[in-house]
Amino acid sequence: MSDAGAEGSGSADRGDAALRVAIARKVYGAGGPEPVEAVRDLAFSVAAGQITCLIGPSGAGKTTTLRILLGLDPDYEGSVTPHPDEAGIAMAFQEPRLLPWRTVEQNVRLALPRTARRQDLDALFASLGLTPWRSRYPGALSLGMARRVSLARALAQKPGILILDEPFVSLDDTSAAALRALVVEAVDRTRMGVLMVTHNVAEAIEIADRLLLVSGRPATLLGSIPLEIARGSRERSWIEARRTDLAKRFPTVIAG
Amino acid sequence: MGFATRLVSVLILLAGWQVAASAAGSRLLPPPLAILDFIARESARGDLWWNVGITLSRVGISFFLAMTLGVLLGIALGRSRRLNLVLDTPLLILLNTPALVLTVLAYIWVGLNEAAAIVAVVLNKLPNVAVILREGARGLDPQLEEMARTYRFDRRTWIAHVLVPQLQPFVVAAARSGLSLAWKIVLVIELLGRPNGVGFAINYYFVQSLNVAAILGYSLVFMSVMIAIDILILQRLEAYVRRWR
Chain D
1 MSDAGAEGSG SADRGDAALR VAIARKVYGA GGPEPVEAVR DLAFSVAAGQ
51 ITCLIGPSGA GKTTTLRILL GLDPDYEGSV TPHPDEAGIA MAFQEPRLLP
101 WRTVEQNVRL ALPRTARRQD LDALFASLGL TPWRSRYPGA LSLGMARRVS
151 LARALAQKPG ILILDEPFVS LDDTSAAALR ALVVEAVDRT RMGVLMVTHN
201 VAEAIEIADR LLLVSGRPAT LLGSIPLEIA RGSRERSWIE ARRTDLAKRF
251 PTVIAG
Chain G
257 MGFATRLVSV LILLAGWQVA ASAAGSRLLP PPLAILDFIA RESARGDLWW
307 NVGITLSRVG ISFFLAMTLG VLLGIALGRS RRLNLVLDTP LLILLNTPAL
357 VLTVLAYIWV GLNEAAAIVA VVLNKLPNVA VILREGARGL DPQLEEMART
407 YRFDRRTWIA HVLVPQLQPF VVAAARSGLS LAWKIVLVIE LLGRPNGVGF
457 AINYYFVQSL NVAAILGYSL VFMSVMIAID ILILQRLEAY VRRWR
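If you read the protein sequences in the order shown, they are chains D and G.
Read in the numbering used here, the first sequence has 82 at position 82, and its numbers run on one by one without any break.
Read in the numbering used here, the second sequence has 349 at position 93, and its numbers run on one by one without any break.
Hints are computed from structural coordinates only; laboratory data are not their basis.
As the structure is a prediction and not an experimental result, all values here were calculated from the model.
Ideal Cβ placement from N, Cα and C applies to all residues, glycine included.
Where hints are given, some of them may not hold.
[Unchecked claim] A few chain G residues that face chain D, going by a derived Cβ cut-off under 8 Å, partial list only:
1. Q399
2. L400
3. E402
4. M403
5. R405
6. T406
7. Y407
8. H417
9. W500
10. R501
[Unchecked claim] Chain G residues, not near chain D, derived (Cβ > 10 Å throughout):
11. L292
12. S299
13. L312
14. A332
15. L368
16. V418
17. I487
All chains, please: the whole structure from these sequences, using the hints.
See below:
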């Protein structure tokens, strides 16, 4: 893993690293008249049983990074270990990306192997409060509910790594808090590692075990900050103080 | 309310026709009842249903072939830039060749037989289907493609649950416009070179006796059959395809 100037990169892997990412360079239109460098020296790992939050300005190449992690874009310099095909990665997209012509249940079921057990699915739907919605079409759902279905589809994979792209954005406070609690509960219950991309720094400080701060184009890792206090015992004032501190240290990433 | 309005409009049309026919007093403009009378007699002789049946089977076979080939071609064109580059111009030429020209050429090159008739209809209709489906295949949602790849959908799952549902509205649109196109062309093709069918019968009554009641009778029956197919099958199919909206 290359040293990207990541703060404390040596201690980054207290938990077992479920996924190691080292993108040396990703260029769009290489060889063309105007190549654009989207990512440079972005190295981090996602620990099992932890929530790692990736924070960066919009257009920072986070979508590019996620596509590489998912194995959708093999054209980059660097490595993802284990290979995305073997890493057991599930993804909940920012736009829920449900098939509008299939019911909630079919959407979740289609992403599963045919051998998936019915009881597991029942339990999953129940735990996410989706049981009454199983036979509805996604068009009938609110954004919050659709995100829940998208989360259910990802969790149903029993993934080793769960990637969440802005999972709480554009939700009202109540729905966001409920969905956040579901994610935290799922991480604590399983040993899966979560990588969450967000713009919301306070939200990240509230639930993350580690923050990754990424600069704008090209996306480069500026800092990797562990949050020591346990999730459950973080007070409002502590979160606010951390936020102010980070805004001072990384003014290009976090607005004061 | 909607139905009542439609009924009134049809009744006014019929009344106007009746008045005009009485005023003209000519067999070149027969009253509505004369047409019903012809339909009853021709139907009793069995000729009507024989001819309608033959035309329907020609429409059915060529419609099925043109839809199948057109849908496959359209999807391929929408997904492959290179194939589209190769076939776009030929398709444009075919699209703008008059049905009459295609029909005459088919009869000359294939022979005055059933196969030529089917080939002519298919060539007339296939470009329309292909162009509609090409639009559909171009408009596939890239976000759903990524989702399907992320969740490692196998090919069968992808086709059945991602591809086909996105193309269904285009297939139904192509089917509805295609069916009305196909049957109109089939009649011309029958007129030009078949010894039976509705197109042949209309030509027969035109050349032999200028029997307008017969010409309108055949048209009316066949139009009714095609409209019934549209309402009873295609419109229901369309509603089914849109059920999740």
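Structure-based check of each hint:
1. Q399: 5 Å, holds
2. L400: With a closest approach of 6 Å, the G/L400 hint holds.
3. E402: 6 Å, holds
4. M403: 4 Å, holds
5. R405: Status holds, d = 6 Å.
6. T406: At about 5 Å, which falls below the 8 Å cut-off, the nearest Cβ of chain D leaves the hint on G/T406 intact, so it holds.
7. Y407: 4 Å, holds
8. H417: 6 Å, holds
9. W500: With Cβ-Cβ at 5 Å, under 8 Å, it holds.
10. R501: 7 Å, holds
11. L292: 46 Å, holds
12. S299: 44 Å, holds
13. L312: G/L312 clear of chain D: closest Cβ-Cβ about 32 Å, beyond 10 Å.
14. A332: Consistent with the label, G/A332 stays out of reach of chain D, its closest Cβ about 23 Å off (over 10 Å).
15. L368: Since the minimum Cβ distance to chain D is about 47 Å, G/L368 lies beyond 10 Å and the statement holds.
16. V418: With a cut-off of 10 Å, G/V418 comes too close to chain D, as the shortest Cβ separation is near 7 Å.
17. I487: 24 Å, holds
Hint compliance for this structure: hint 16 alone is broken.
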